[in-house]
Amino acid sequence: MDPLHQFQISSWFQIILGGYDVSFTKSAFFMVVAVAAIYSLLVVGMANRSMVPGRLQSAAEMFYEFVANLVRDNAGHDAKPYFPFVFAIFMFVLFGNMIGMIPYTFTFTSHIIVTFTLAAVVFVFVTVLALIKHGLHFFTFFMPHGAPVALAPILIPIEVISYVMRPVSLSIRLFANMMAGHTMLKVFAGFTVMMISGLGALGFVTGLVPLAINVALTGFEFLVAFLQAYVFSILTCLYIRDALELH
Amino acid sequence: MPNLLAKGRLARWSGVAGASLVTLTTMAGTVLAAAAEHAPDAAHGGEHASGGLPQLNPANFPTQIFWLALTFGVLYYLLSKKALPRVAEVLEARQERISRDLAKAAQLKDEAEAVLAQVEASLAGARAEALTLIGQASADIEANNQARQAALSADIAERLRTAEASIAAAKEQALANVRTASADIARDIAGRLAGVDVDQAQADAAVAAVIEERRG
Numbered sequence: 001m002d003p004l005h006q007f008q009i010s011s012w013f014q015i016i017l018g019g020y021d022v023s024f025t026k027s028a029f030f031m032v033v034a035v036a037a038i039y040s041l042l043v044v045g046m047a048n049r050s051m052v053p054g055r056l057q058s059a060a061e062m063f064y065e066f067v068a069n070l071v072r073d074n075a076g077h078d079a080k081p082y083f084p085f086v087f088a089i090f091m092f093v094l095f096g097n098m099i100g101m102i103p104y105t106f107t108f109t110s111h112i113i114v115t116f117t118l119a120a121v122v123f124v125f126v127t128v129l130a131l132i133k134h135g136l137h138f139f140t141f142f143m144p145h146g147a148p149v150a151l152a153p154i155l156i157p158i159e160v161i162s163y164v165m166r167p168v169s170l171s172i173r174l175f176a177n178m179m180a181g182h183t184m185l186k187v188f189a190g191f192t193v194m195m196i197s198g199l200g201a202l203g204f205v206t207g208l209v210p211l212a213i214n215v216a217l218t219g220f221e222f223l224v225a226f227l228q229a230y231v232f233s234i235l236t237c238l239y240i241r242d243a244l245e246l247h
Numbered sequence: 001m002p003n004l005l006a007k008g009r010l011a012r013w014s015g016v017a018g019a020s021l022v023t024l025t026t027m028a029g030t031v032l033a034a035a036a037e038h039a040p041d042a043a044h045g046g047e048h049a050s051g052g053l054p055q056l057n058p059a060n061f062p063t064q065i066f067w068l069a070l071t072f073g074v075l076y077y078l079l080s081k082k083a084l085p086r087v088a089e090v091l092e093a094r095q096e097r098i099s100r101d102l103a104k105a106a107q108l109k110d111e112a113e114a115v116l117a118q119v120e121a122s123l124a125g126a127r128a129e130a131l132t133l134i135g136q137a138s139a140d141i142e143a144n145n146q147a148r149q150a151a152l153s154a155d156i157a158e159r160l161r162t163a164e165a166s167i168a169a170a171k172e173q174a175l176a177n178v179r180t181a182s183a184d185i186a187r188d189i190a191g192r193l194a195g196v197d198v199d200q201a202q203a204d205a206a207v208a209a210v211i212e213e214r215r216g
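Chains as they are written, first to last, in the working numbering: chain G, 1 to 247; chain L, 1 to 216.
Certain hints may be false.
DSS-like, lysine-lysine: derived pairs with alpha carbons at most 27 Å apart [what the hints assert, rightly or not]:
#1 L:K82 with G:K80
#2 L:K81 with G:K133
#3 G:K26 with G:K80
#4 G:K26 with G:K186
#5 L:K81 with G:K80
Among chain L residues calculated to face chain G with C-beta under 8 Å, some are [claimed, not checked]:
#6 P62
#7 W67
#8 F72
#9 L78
#10 V87
Hints listed in this document are in silico derivations from the structure and should not be mistaken for laboratory results. Built from N, CA and C at the ideal position, the CB exists for glycine as well.
Can you make the complete structure from the sequences, with help from the hints?
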């Protein structure tokens with residue numbers, strides 16, 4: 001009945017690599033499933049290369065154009081080379097969230113270490129990108145344009161902190177949303193079970209209330225699953241834009 | 001959709017992404033392994049961590065980071081090298097086909113309009129020609145009519161004149177006959193009543209005088 005039990009990770013077979021335990025776990029399995037699903041959607045969907053797309057090809061093209069528009073609108077036209085990166089981020093997070101909505105699966109995006117690593121990849125990516133594009137000029141990013149020089153001792157630390165906190169906020173937003181949603185589903189499901197075992201026949205009637213709430217929450221969770229993937233990739237686009245333009 | 005996957009730049013940036021991933025995995029792995037050592041009681045991920053979130057159990061960190069780096073790296077490689085160029089290719093082909101068809105349609109429309117203009121021009125020419133012909137024909141008819149009318153009127157006037165002349169001649173003849181008859185009658189009457197033999201000339205003069213008098 002522990003609503004947090006679903007976040008436990010069980011090792012399926014142990015692998016030790018360079019002294020670290022990198023066992024193949026439930027979490028790893030669903031990451032592999034997500035990658036396989038994304039890749040097969042695109043490859044199987046585009047197999048016919050039809051001029052007039054069928055269902056699966058429409059879906060593949062829809063994802064492509066959705067992310068392409070996202071990148072163009074939020075990261076600018078110069079961001080085209082980074083489209084595959086944003087696409088990979090979006091699809092990985094979206095499929096991670098959506099696969100988690102299937103009963104008996106595992107949501108790897110509900111683990112802070114996963115979301116943090118992803119956010120850190122984004123962070124390192126945009127920072128390396130900005131350094132390559134602008135060299136040392138990149139550090140002017142921390143001093144807002146037109147601000148009085150006297151304020152520099154205050155502004156620069158604030159800007160640096162807000163820059164460094166990006167991966168933290170990015171990862172906690174996704175992790176917290178996914179974890180909270182799944183915990184709530186479990187808690188309400190637990191209420192129904194508790195009512196039935198505690199109240200007997202009456203429990204079957206009163207248990208319908210949390211069940212109804214759970215149905216609504218499930219719908220809501222699908223929205224959150226999409227929305228958080230969208231937010232994650234839109235912020236990635238904005239960071240890429242910052243790296244390219246240095247405002 | 002423009003090609004989002006220019007080959008050279010793509011290779012360069014997949015390098016950057018790969019480098020970021022590797023750096024990060026190493027960094028995070030080191031930090032987290034150190035953290036894991038400080039939490040020996042939670043070292044077995046599969047076991048139930050009494051209290052606290054399973055997500056905060058550092059024993060799970062290295063495996064998750066490792067598999068995330070591996071799966072995401074493979075995903076990025078597959079997408080950027082294989083899947084996305086394929087989608088881009090299809091979308092571009094479709095875009096190209098659509099613009100080609102649109103250009104063709106525009107060209108056909110232009111041609112159709114040219115043909116229409118031609119047809120209208122020849123129609124207008126034909127109409128103008130027909131109008132000229134009609135004008136000419138009606139002018140001809142008019143001229144013909146006038147000529148025949150004039151001939152007819154001349155003929156009628158001529159006949160009228162002839163008829164009048166013959167009427168006048170007949171009238172004159174009749175008048176002369178009346179005069180002669182009157183003179184004869186007057187001479188006869190005078191001879192019978194008065195016994196006077198009036199000669200011809202006298203009787204004629206008297207009749208003429210009376211006629212003149214009556215006319216006057």
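Against the structure, the hints:
With a C-alpha separation of about 17 Å, the suggested pair K82 of chain L and K80 of chain G falls inside the 27 Å cut-off, and the hint holds. A hinted pair counts as satisfied when its Cα atoms are at most 27 Å apart, and K81 of chain L with K133 of chain G qualifies at roughly 23 Å. Of the pairs offered as hints, the one joining K26 of chain G and K80 of chain G is violated, with about 35 Å between alpha carbons and a cut-off of 27 Å exceeded. Restraint check for K26 of chain G and K186 of chain G: the C-alpha separation of about 19 Å stays at or below 27 Å, so the hint holds.
As the CA atoms of K81 of chain L and K80 of chain G are separated by approximately 15 Å, the hinted pair is consistent with the 27 Å bound. Among the interface hints, the one on P62 of chain L holds; its C-beta lies about 4 Å from the nearest C-beta in chain G, closer than the 8 Å criterion. With a least beta-carbon distance of about 4 Å to chain G, the hint placing W67 of chain L at the interface is held under the 8 Å criterion. Taking 8 Å as the C-beta contact cut-off toward chain G, the hint placing F72 of chain L at the interface holds, the least distance being around 6 Å.
Proximity of L78 of chain L to chain G holds as hinted, the smallest CB-CB distance being about 5 Å (cut-off 8 Å). Taking 8 Å as the C-beta cut-off, the interface hint given for V87 of chain L holds, the closest approach to chain G being about 5 Å.
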